[in-house]
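Undergrad: These are the residues of each chain, in order.
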Amino acid sequence: MVAPPSTAVAIEVLRWIPLIPLAASVINVFLGERLGKKTAGALACAAVGLSFGLALYVFWLLPATGIFRDVVYTWIESGAFQINLAFQVDALTAVMLLVVTGIGFLIHVYSLGYMEHDDGMVRFFAYLNLFIFFMLLLVMGDNLLLLFVGWEGVGLCSYLLIGFWYQDHNNTIAGNKAFIVNRIGDFSFVLGILLLVTELGRQGLLTLDFMVLQSYVDRLSPATITLITLLLFVGAAGKSAQIPLFVWLPDAMAGPTPVSALIHAATMVTAGVYMTSRLHFLFALAPVTLWVIAVIGAATAFFAATVALTQNDIKRVLAYSTVSQLGYMFLAVGVGAFSAAIFHLFTHAFFKACLFLGSGSVIHALSGEQDMRKMGGLKAHLPKTYWTYVVATLAIAGVPFTAGFFSKDLILWQAFSSAHGSQALWTVGWVTAGMTAFYMFRQLFMVFHGQCRADEHVKAHMHESPAVMTWPLIILAVGSIFAGWLGAPEYLWGSRWDEWLAPVFRVAHEVHHDAVATEIYLLLLTLCIVGGGILLAYLFYGRESKAADHLASWAAGGPYRVLLNKYYVDELYDFVIVRPFTGTSNWLAQVFDVKVIDGIVNGVATLARGLSLVWREVQTGNVQHYLVVFLAGTLALLAYYLGQQ
Amino acid sequence: MMSQIAFGSLSFLLLIPLIGALVLLLIPREQKQALFNTSFIFSLVAFLWSVKILNGFDGGTGEMQMVERVPWMPAYGIDYLVGIDGISLFLVLLTTLLTSIAILASWSVKDKIKEYLFFMLVLETGMLGAFVALDLFLFYVFWEVMLIPMYFLIGVWGGARRIYAALKFVLFTMAGSLLMLIAIIYLAMRHAHITQTLTFNLLQLYDLHLPFNEQIWLFVAFALSFAIKVPLFPFHTWLPDAHVEAPTAGSVILAGVLLKMGTYGFLRFAMPLFPDAAVAAAPTIIALAVIGIIYGAAVAMMQGDIKKLVAYSSVSHLGFVMLGLFVFNVQGIQGSIYQMLNHGLSTGALFLLVGMIYDRRHSRRIEDFGGLWKQMPIFSALLLVVTFSSIGLPGLNGFIGEFLILLGAFSVTPVWTAGAATGVILGAIYMLWMYRRVILGPLTNPENQKLADLNSREILLLVPILALIVFMGVYPQPFLSRMQPSVDLTLKRILTMQSAPVAVNHAGIEGKSDGR
Amino acid sequence: MTPEQLLFFILAGLLVISSLLVVFQRNVVYSAIALVAALFLIAIFFFTLHAPMVGVLQILVYAGAIMVLFLFVIMFLNPAALEPRHGFWWGLGSMAALLLALALIPLLTNRQAMTNPAANKESFGSPEQLAKSLFTDFVLPFEIASVLLLVAIIGAVVLAKRER
Amino acid sequence: MDVNLIPLLPAAQVLLTGLIVMLLDLFFKDHEKWLLAWISLLGLVLCSGEAIVLWGSMDGAFGGTVLLDSYGLLCTQIFVGASAVTILSSIQYIKDNRIHEGEFYSLVLFATAGMILMVIANDLIVFFLGLETMSISVYVLTGIWRDSSRASEAAMKYFLMGAFATGFLLYGIALIYGATGSTNLGQISGFLVQPPGEWPLYIFAGGLLLMVGFAFKVGAVPFHFWVPDVYEGAPTPVSGFMSVAVKAAAFAAWMRILMHELSPLDIDWAVPLRILAILTMTLGNLLAISQSSVKRMLAYSSIAHAGYLLIALVSGEEWGGQSLLFYLMAYAPMTAGAFAVVTSLSEKESPREEYGHFAGLGFRRPFLGMAMTLFMLSLAGFPPLAGFTGKFYVFRSAVYAGHTDLAVIGVLNSLLSVIYYLRVMVMMYMEEGGVEGQSFRQSPYLYVAIGLAATATVYLGMFPSAALDWSQVAYLSLF
Amino acid sequence: MVSLDHYLILSAIIFGIGVVGVIVRRNLIVVLMSVELMLNAVNLTFVAFSSFLGSMEGQVVVFFVMAVAAAEAVVGLAIIISVFRHRQSLDPQEMQLLKW
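Quick note, the sequences are listed as chains L, U, X, H and B, same order.
Quick note: the first sequence uses the numbering used here, first residue 1, plus one each step.
Quick note: the second sequence uses the numbering used here, first residue 1, plus one each step.
Quick note: the third sequence uses the numbering used here, first residue 1, plus one each step.
Quick note: the fourth sequence uses the numbering used here, first residue 1, plus one each step.
Quick note: the fifth sequence uses the numbering used here, first residue 1, plus one each step.
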C-alpha cells in the first residue's frame, strides 16, 4: 500500500463525527419505542448537534492546506488489494461536513415539530440519524470505496424515508423507483471504480485511496481516464438526478417534507457534485467527460426549469428547481470550476432547505394540502414562514447580495470564461436563471398572495407553525443571504471561498482581471433576465389576473401540456425499458424455464418410463417365446464366431 | 477403522452429530420434547466444537491442518483422511451454525419428529464430512451420504409435490456424481500407472499432471456433478422444486450449505486437479455463470411464490460465486468463498423468515400478503436487513463478496463482469419488489389482520445470523485473513501445475509483489 | 460307399425320420412311440461306436424305464388327443433350429481327419472297462448321481402326490 | 488309489444334513417339525465352520475330479449364508402356506450341496452333476407350494427352460471333451497350452455353448426370461435363495471354468461378454422401473446386478476376479435381506408383494422400514453400504482393464436403478396408510435373518478390507 | 469309412430337431420328450468322441447323462402333473399368469 502523503495529520476525533449519529440511530431502533417520541427525537437532534459541534471543532483546527486522517482499521484486504476504514477531512470535506451536520441539525430540530403527530416518529428519527451517518461516511471516507458505501447507504435511507408512510402504495413505489434508478447509476459507478482499480492494478498499484490516486492518476492513459470518468459521472447523474436519470427525484417528494429538505435538496442529491469534485484530479484530465458533464448539466438545468414553470404541486416545483440547480452545479463542474460548484452546493443547501421547510410549514398549516391552486393569501396567517420564504426565493432567484446571486453568478461567469466554457453554455444558464426567477416568484405569489383558495375547514385549522419549526427557517433564511458573501467576486471584496478551497483543487483556477468589465456586463444581463422573470411572474400571478389561465388556454394542448406532463419522460421509460424487460422476464419464467429446461429434464424421465413400458411387453409370459429368444441369442453368438473364423 | 483412530478434533466433530442421531434412536418417539432438546444440544455442541476448531486454527499457513489419516482400504490406497484449511474452515462453521439454527427452527414440525431430527443430524455429519474429506473416495462417500437424509427431509416432511421434488433432487445430483465416481477411479488409476503408488489421497493427486485431452474429460465429469449442485445454469431446475417443497429447515440447509458443496468442489477438486482443463473451460463456465446471474434474477422477479423467488435468487447469487472462482485470482476466489458464506447466511435467513410467515398464514403466495409491517414490525425490519444483505448493500456482508468477485473478474473479462454487475440492479429490483408487495402498502387482506409478530424464540433464531450479516459487512478481515493463505496456495497450485500460462492478467497476483 | 457308410446312412436316415416324427406327430402317443424308436436307433449307433454297455443301458434305462414313465403319465392325464398345428409358429421354430444346425455344422467339421483308434482295441467299451473307470476315477460323480436321483424322487413325490 | 475325503467335507456335511432332515421328517410329528429348521441350520453352521477351518488349504481328491481351494471355500460360505437366511426366513412362511418342512429344508440343503460341488469341481462331469443337483432341487422348490397355480407355472417355466439350457450346456461339454479328449479341467487347460492353431475348431463352439448355459443360469439377457416369472411365482424365500445362491454359484463356476481354466479362449469371448453385460444391465434396470410388484422388481434388479457382475467378469485379471467375489459377497446379504422383508409382509395364503403393500411401512414397522431402506440404498449403490463398495470395485476393475466405457454405462444404469429403488422408500415413508389388518405375525427368526443381512450390508460397506483380503486370497488360490 | 464328422453332424441334426420340438409343440409331454431327444443327441456326440478319441470318459459321461435325464424326466413329469392339476391343460402357451 502506498503511504498517504505526509501532509495528513492523524486525529482520533474524526471517527466520532459519524459514529455519534449512528449510535443514536441504533439506540432509537432498539429502545426508541421505550424511550418515547420526545426522548427519541431529542436524542437524535442531540446526536447530530454533537457531531455538528465536532465538525466545527475540526473545522477550527484544520489548517488551510492541511488534511486530517483517522484510520480506524483495515476494512478489506485481499491479495494486494487493501481498503482501510479511514476518515479524512480536508477543506472540501470540511465544507460538506458543516453543510451536512449543520443543515442536518436544523432539519432535525424542525422535524421535532413537523413529525410530532406522526406515530412513526421514532422510526423517522432513526432513519434520519442513519442517513446523517452514511452522508458523513460519504463525505469523510478517505477512499472511493468508502465513499461508495456512504453513497449506497444514503440511497438506502432515502428509500426508507421516501416510503416512510408505507401504507400508501405511491410512496413505496416512489421509494423503489428512487432506489432502483440510483442502482442503475451505481452500476455504472461500480464499473467505473473497477476500471480504475484494475487499470491501476496493471500498474501494480491496487488502491482507491484518494490521496494515492491523486498522485498516481497520471499513470493512466487519457482514454482510460475518459472512460472511467464517464462511468463515474453516470453514477453521479443517478444520485444527483441529472438527465437521463432524474426521474426519481420528483416522485421522491412523496416522503415527509423534512426528508425532501435534507436528503433531496440539501445533502444527498449533491453527493454527485461532491464525488466529481472529490475526484477533480481525474475529471480535470478528461476534457471530453467535462464537456459531456457541462452539456448535461446545462440541459438538465434548462429542462427542469421549464418543467417547473407549470407544476402546481408546491413540492414538485421545488423538486424540479432542485434538479435545475443541480444542473447548475454540474455545469460548473463541467467547466472545471469545482469550487464554484461546491459554492453553489453550499448556498443552495441553505435556501433550498429553507424553501422546503417553508413549504413544509405551509403544508403543515394547510393540514397536508400541497396543491398551490388551493392556497394563496397565506402571508397573513403564516408571517414567519412567509418572510423566510421570501428571502429564500430571492436567494434562489439570484437577486443581488443574496447567496444565490453570488454562487449562480460565479457559475455563469465560469461557464462563459473558463477554458472549458462557452457562450452557448452561458446562454442556457442565463435563460434558466430567468425561468428560475419566474417559477419561484410564481410559486411565491400563488402560495402567499391573493386571497385564500383553500376550503373552509382547512382555513379553520390554519395556523403558524411552532417555534421549533420556525427557528430553523429563520436561521436558514439568514444563511441564504450571508452564506454567499464568502464567495464574492473580485470586483467586490473578493472570495474567501476560493482561497479556502484552492489547495484542494490544485487546478489553479485563473482569475482574469482584465475581464472584469465583461464579468460585470454579463452580470447586468443576468440581472435583467432575472428581473424580467420576476416581473412576468408578478404580471401573471401577482395581480389578480386571468393572464396565467389565458396563457395556459392559449398554449393548452401544446407546450403547456407537454411541460405539465414533464415531457412524458416517465411514460417513455416505461414503454422503452420497463415493459420489454418485464415481458422478457415473464416469458423466461413462465415459458422458457418451465417448458424448455424443465421440460427436457422431465422428458428424460418420461422417456425412461415409456421405454420400460414398451419393452416389458417382450416378456410375454409365453415360455416358448422365451425359448425362441434364447435360441436366437445362441445363434447370434455362434454367428459371431463364424464371423471370427 | 474407528477403533484405531488417532482421535482428532475433526473426527470428533464428525462424530458428534452421528452420536446424537444414534442417541435419538434410543428415545421413545412420544417424548417429543426430549427428542428435540437432545438433537438441539448435540448440534449446539457440534457448533461450539467447530468454534474451538476455529480457535485452534493457524491462520498463517495455507496448508491443511489438523490432518488425520487412518488406513481404510489399504489394498486400494483408500484412507480415512481429513483435514481443514482456510477454505473449508468457515464452511464448516457455517454448516454447524445453520444446522443448530435449522433444528431450532424445526419447532413447527409436529409429526415424525424423531426421524426428522435423526435425518437432520445425519445430514450434518455428511456435510461436515464432505467439507473436511481429503481422500477422494471418502469425499465421494460423504457427498452421496448427504443425499439420503435430504431426500427424506423433502420427501416426508415436504409440501404437496414433495415426492416429485425429492426424487428429482436425488436423480439430478446422482446423475452428476456417478460420472464423477468414474472420473475419480480413472484419476487414481492414472496416478497409479504414472507414479506406481495407488492412492486416492487428494494432496498426492494434486501433483499428478495429466495431458490435456485426459484432463478435459475428467474435468467435465467433476464439473458436471458440481455444476448441478451449485446449480449452474442450465442445471438448476431441481432447485426451485426442492426448495419450494422442502420444509423450512430443509430449505435452510439446502440453500445454506448444500449448494456450497458444488462451488467448494470446484475450488477444492475440479480446479486444482485439472488446471489446464479448468482454464480452458473458464470462458464457458464464466458465460454460464453470468447468464445464470441475469437469468436467475429475471426469473426470480416473476415468481409468485416467495420461496421460489428466493430459490431463483440463489441461482443468481451462486452465479457470482462461480464467476469469482473461474477468474483465477486472489480477489475473485476469496470473494467467492466469502460470497458462499454470505449466501448461506442471508438466504438461510430468508428461508427462515418465509417459513415463519408460512407457519402463521400457510401461504407463500406474494399476493396473499401486503402491509405486513403494520402487524409484524419486527418481522418486517429483520426481513428488510436480510433483503438488503442479499441485494449486496455496502456495510452488509453481501457487498464485500460481490465487490471482491467483480474486482477479480473485471481484470480478466471486463465485458462479462459488466454483465454480472447488472445483477446489482436486478437483485435490487426483484427483492425490493417482493418486499414492497409483502411488507409495505395497505394491510388489505383480512386474513393478515390478526397475524402475530415474531415470538422471542423466532427472534432468537435470527439474531445470530443478522449479527453475522452486519459484522461480516463491517469487519470482514478476520475471515479474509484466514482464507488468504489457503487461497494463495490453491491458486499457486492451479497456475503452476498448468502447462500453458494463463492467458489472463491477474491483477491481484502481480500487484502483490510491489504492493506491500 | 463302404458297407459301414451304407449302414450309417440308413440308420441315420431312420433316426432323423423317427425324431422328426417325435416332433411333428400330432398325436402324443405316436410321438412317444417314435421317440422309443429313435432311442433304439441311437442305441444301435452306440453299438457301432464300440460302446455296447452304454447301448444296453440306453435300451434298459430309456426305452425301458423312462419311456414307460412317459406313457404312464400320458395315460394318466390323457390330454386332448390331437394338438392343433400352428403353421407360422412351427415354421419359425423349425427355421430357428435349422439355423442352429447350420451354425453348428461348420464348427463341428474337423480340421485333421481323425482315425478311429477304438476300432482296433477289442476290449474298448466293454462292461468291465466302463465299470472300472466308473468306480475308480468317477466314483464321486457316481455318488452324486445317486443323490441326484434321490432329489428327483423327493421332488416328484412332493410335487405330484395328492393333498394330505 | 487314495480316498481323501477332506475336500469333500463341506459338501458332504450339507448333504448329510439334508438326508438326516429328510429321514427325521418321517418320524417327527407335525408339532415337532420346527426342529428340522434348527437341525438344518446346525448343519450349515458346521459346514461353514469346516470351511473356516479348511481356509487356505489346497487339496484335490478322487483322481482330481474335485479340487478344494480357498476359492471354493469362500463361495461355500456365501452359499451357506444364503441358505441359512433362506431357512430362517421361511420357517413361518412355509407354515402359513402348508409346505412340507422336511422336503423343503432338505431340498434347500441338497441344492446348497450341489452348488458347493459346482465350485469345487475340477471335472466337467462333477460340475455338471452338481449343477443338476442344484437345478433340480430348485425346480422342485419353486413349485413346492402346490396350492399356488402361479408357483406351478413358475416351476414349469423354470424347468422347461432349465432343461433346454442343460441340453446346450451339455452339448458344450461334449464338444470341449471332444476337442481336448478329457473332461478334467486340469487336463483341458493343459491341452490349451498349445497354440490355438492346433485346436480343433469345435472347442470354440463348446466354450460358447458352455457360456450360453452359464448365461442362462445367471439370468443374463437374452437368456434371462425365466428370471422375472420364476422369481415372482416361486415362494418368496426361494426367490431370495435363487437370486443369491444360484446366481452366485453360476458366476463362481463361470469364473472358475471359463474365465480361468479355459482362459486361453478368452480372447474370443471378450466382445460377446461386453455386449451381454451391457444388455443385461440396461434391460434389467429399464424393465424394473415399470413393475408394480416389489418381488418382480427385485427379480429384474437381480438381472441388472448380473449385468454389473458381468462387467467384473469381462474385466478379468486379479482386480476383476477379486471384485467379482466381493460383489457376490456384498450382493448376497442385501438381496437376501430384501426378499426377507418381502417375505415378512406375506400373510397366510396371501403374498403381499405389491408396492402398495409397503405404504406407510416405515413408520408402522420402523425396523422393517429401516432394514428395507438399507437394502434398497445398498442395491442402488449408495455409500457407505455394501452395494456401493461392490460397485466401486467392479467399476474400478473395469477402468483398470481399459473398459471405462462399460464403467460409464454401469453408472448410468445405477442412476436408472435409483428410480425404482427409491420408489420403495417413497412407499414406505412418503405414502400414508397401507393395508389394514396387516398383522406381521412373523416369527422372530425372520427378523433375525433381516437383522443379520442388514448388519452384513453395513459392515461390508464400511469396513470391506477383510472381505477384500478374503476375495483376493480366494482368487489367487485358483492359480 | 465313417468319419467322426458324420456322427457329429448327425447328432447336431437330431439336437436341432429336439430343439424344434421344444419350441413348437404345445403339449408339455411332447416338449419334454423333445428335451430327451436333445440329450440323446448329445449322448451320441459323447460316444462318438469317446470311440474316436479312444477314451472311456465319453461313455462314462453318457452313463451319468442318462441318470440326469431320468431325474429330469421324473421331476418334469411331476411338474407337468401339478400344472395340469391347476389348469387342466398341457399347453405351455396358455400359461401366462406371470408376465411383464
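If you're looking for bench data, these hints aren't it; they were derived computationally from the structure.
Backbone N, C-alpha and C define an ideal beta-carbon position, used for all residues, glycine too.
Misleading hints may appear alongside valid ones.
As the list claims (entries may be wrong) - Here are a few chain X residues that face chain L, going by a calculated C-beta distance under 10 Å:
hint, residue
1, G87
2, W89
3, L92
4, L99
5, A103
6, P106
Undergrad: Next, verify each hint and record whether it holds.
TA: Hints, one by one, checked against the model:
no.	hint	in the structure
1	G87	15 Å, violated
2	W89	8 Å, holds
3	L92	7 Å, holds
4	L99	5 Å, holds
5	A103	4 Å, holds
6	P106	6 Å, holds
Of the numbered hints given earlier, the model fails hint 1 alone.
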